[in-house]
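S.K.: Using the sequences plus the hints, can you model the full thing?
Keeping their order, the protein sequence lines are chains D and R. Note that the working numbering has the first sequence beginning at 5, numbered continuously upward. Note that the working numbering has the second sequence beginning at -3, numbered continuously upward.
This list has only true hints and no planted wrong ones.
Stretch-level coverage of chain R by chain D, calculated; a stretch enters the list once three of its residues show a Cβ under 8 Å from a Cβ in chain D:
#, segment
1, 96 to 102
2, 105 to 116
Mimicking SDA-like on lysine to any residue, the simulated pairs with C-alpha atoms at most 25 Å apart in a straight line are:
#, chain 1, residue 1, chain 2, residue 2
3, R, Lys134, D, Tyr34
4, D, Lys279, R, Glu103
5, R, Lys264, R, Arg314
6, R, Lys127, R, Gln84
7, R, Lys234, R, Asp384
8, D, Lys222, R, Glu103
9, R, Lys161, D, Gly220
10, R, Lys69, D, Val215
11, D, Lys222, R, Tyr157
12, R, Lys120, D, Leu195
13, R, Lys108, D, Leu229
14, R, Lys134, D, Tyr194
15, D, Lys279, D, Ala31
16, R, Lys69, D, Asn224
I should point out that these hints are in silico values taken from the structure, not numbers from a laboratory. All residues carry an ideal CB built from backbone N, CA and C; glycine is no exception.
Chain by chain, the residues run as shown.
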Amino acid sequence: MDATMTSSVKARFAGTDKNRKKLSGTARGYLILIGLVVISWLIFKLITPDNFGSPANMLQYFQASLIAATGAIGFYFVMVMGMFDFSIGANIMLSAIVGCVLATKYNMGYAGLVIGCIVTGALVGLLNGSFYVKLRIPSMIVTTGLALIYESIANYMAGGIEQTLPADMRMFGTMPGDIILAIAAFLVAYLILNYTKIGTYTYAIGSDEYVAKNMGIKVNKYKVLAFVISGAFFGIMAILTISYGSSMVAVTGMSSMSRNFVPTMGCFFGIAFKKYGMPLPAIIIGEFVINIIFFGFIALGAPTAIQDVITGLALLIIITLTTKANKGEIVK
Amino acid sequence: MSDDIRLEVKHLCKSFGITKAVNDVSFNVRKGTIHALIGENGSGKSTLTNMLTGIYSIDSGEFILDGKKIHPKNQVEANNEGVSIIVQELGTLSGLTVAENIFLGHEDMFVKAGIKNTAAMNRKATELLKKYGFDNIKANKMVDEYNFEDRKLVEIIKATYFHPKVVVIDETTTALSQEGREELYKHMYRIREEGGSVIFISHDLQEVLEMSDDITILRDGQYIDTIRACDVVEEQLKTLMVGREVTGAYYRNDYGDKISDEVVLSVKDVTVPGELKNINFELHKGEILGFGGLSESGMHEIGKAVFGASYDREGEVRLEDGTTINDIPTAIKHSIAYTSKDRDNESVVMNMSIRDNICLPSLNMLGNKLHLQSDRRNKKFANKFAKDISVKMVNTDQFVSQLSGGNKQKVVLARWIGKDSDIVVLDSPTRGIDIKVKQDIYQLMDQMRKNGKSIIMISEELMELIGMCDRIIIMKDGKISGQINRSEEVNEHSLIEMMV
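M.R.: Here it is, written out as structure tokens:
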């Protein structure tokens, strides 16, 4: 055995610099995010002072950002576990069409819209998760294949016609309906993530699936559950989307994938700010930043291609600058 | 201590493909005892305890705990049956708090109507941390914020807070510093005093003899014997483990040889923020230079600094030909090899085969003129070095993740022996290695030294530093606190004085 030596375990336990440094992690995270809001607002306000960034405008941007944020907070459960979903757009489209059809053709009103969207979203999530677990192929491939099927179902249900939500059923497209629904969704996500076993297991599986399995966690069950939660939140996003935009067209040929981008970007913020202990607020504020940039370009009258290039670059720059990996940390 | 049986292991069998990892093993563990399980790497120790704790399924045979047959399917079921385990490598999950790690799989204690009472969980975890004397660890902090040793302390709580009947400690001590070991010993004694049983796996035979009441020996997956620790001496244990007498010199037995004046590597004013301060030393041709100290003295960073793997390193690491080493590719290109203490995370690529792991740094050498790799050539290369160092394997196509801890270490060594590096940095090279292979490694190091290779050996095992090194540098608080040349008069106490 090694030589015995007078140890000073307590001295070693006195804490490390690292521990002390991280004390204000959450506050630092908020500061960075609020700083991003201010900087992005300031840039466009300086360039185009007249038609951008008034308090009323900012409220409008915020309302628009809530739509994608509701989907992104659900998607966070999937991404933290290391999986991905390419059927986001198809899910939103199908859920919105089912909700709209139930609300209008079946005269179910708001109940049809809300239940139809959320249940359809959750079912899509259930299918995604079940196929992923049973087929044992990467989630990206499974969800890409299924997205084609969801698009076709949506197109079939809509009969190739644009589905329009009547004006008297668009409570969730304006204040305060949209804000109330979004806040309710955020609270539910916060509760699940922080106050249920699901949240703990989500992080455990994301950290080390093998160890999680050995701890008795039914890994596959919780993976499917993550897809179901994610799907349900995309259902809520579908309610907000069709209520805000008043109609939905059932596109095919993977065209729905264009809807994947914004919620996925918000989710990146959540993943990046996880280490500050504030993933969900990061998603909400992150989506707000994305919308400020987006509306800023509209105010500038920039062509779509330029908007996309600069938005993409802005995302890369923001995430790189705000989430500098620790020395030696492996980034995948 | 009593003669009552706590755990009966009956005709246990487990195979992986054609390898019989555990073959009809039967023995008993008494109540209130520390029961050591020893054997060479790949003898079946970890496989057996992994079956007991539900990590592996049982092919045939049974475990009977306090007269009741148990067959856990995972660690939580094992915990519920009264069995827990502390593993060799990290057993806590990043991304979860300390409290969540302690109660992972047992959250139901804090869940009402589906809602987890996080505050109550944190309170309970804080109570436990206080009770165990680990006050510096905060229940609500992310476990990622703590170092390896502190995370091991969290595992001790996780494995013992519910007063299990049997606690398995699987080669944990080799990963710990002396302070960490003492802390673990304290809890092993406590478990024994409370009437629990500890199954203790260790390659350190002196430690086994000091800590254990009973010792069971396994060899090649088969049961050899169970003996009382007080009835046996170290040499007998070695013979039982290996199946023949371990003869010949264990360490080097030469003294007074002059070290070559030729300096192959010089380290000047090397500083790594938070780790090393103004380190200066020279490594000579054919020299084994040892680095010792407490675990967090900075000695493990020395290896990384020399290999160009340290972050924000200042100062200079220069080779004989004037080349400065600032990054890993330059180090490998100039014939420097490095094996890390953190084997699973920093040395082996778990999801690659033994062949790929061994060939990895030698691919340039193994490629043909067009830099194309040949399967046959690579296989031959890997086979040669894996066999030279006796890796227990089906063949070199086997995944490294399927090997025992000691055999993984052998793969790492085989890789660098194959590379034929001139300067070899070995951080804790015999960690988790059995007695026979330890002897092989020491002989190999001695042979390399005689062949003009230079070795930096970093180790927490003072005896191996004394036995193998031409010079020993002792580190304390990131600085060099002393140096001792090879001599028969050097003993552990002379080193300890410089360490603390």
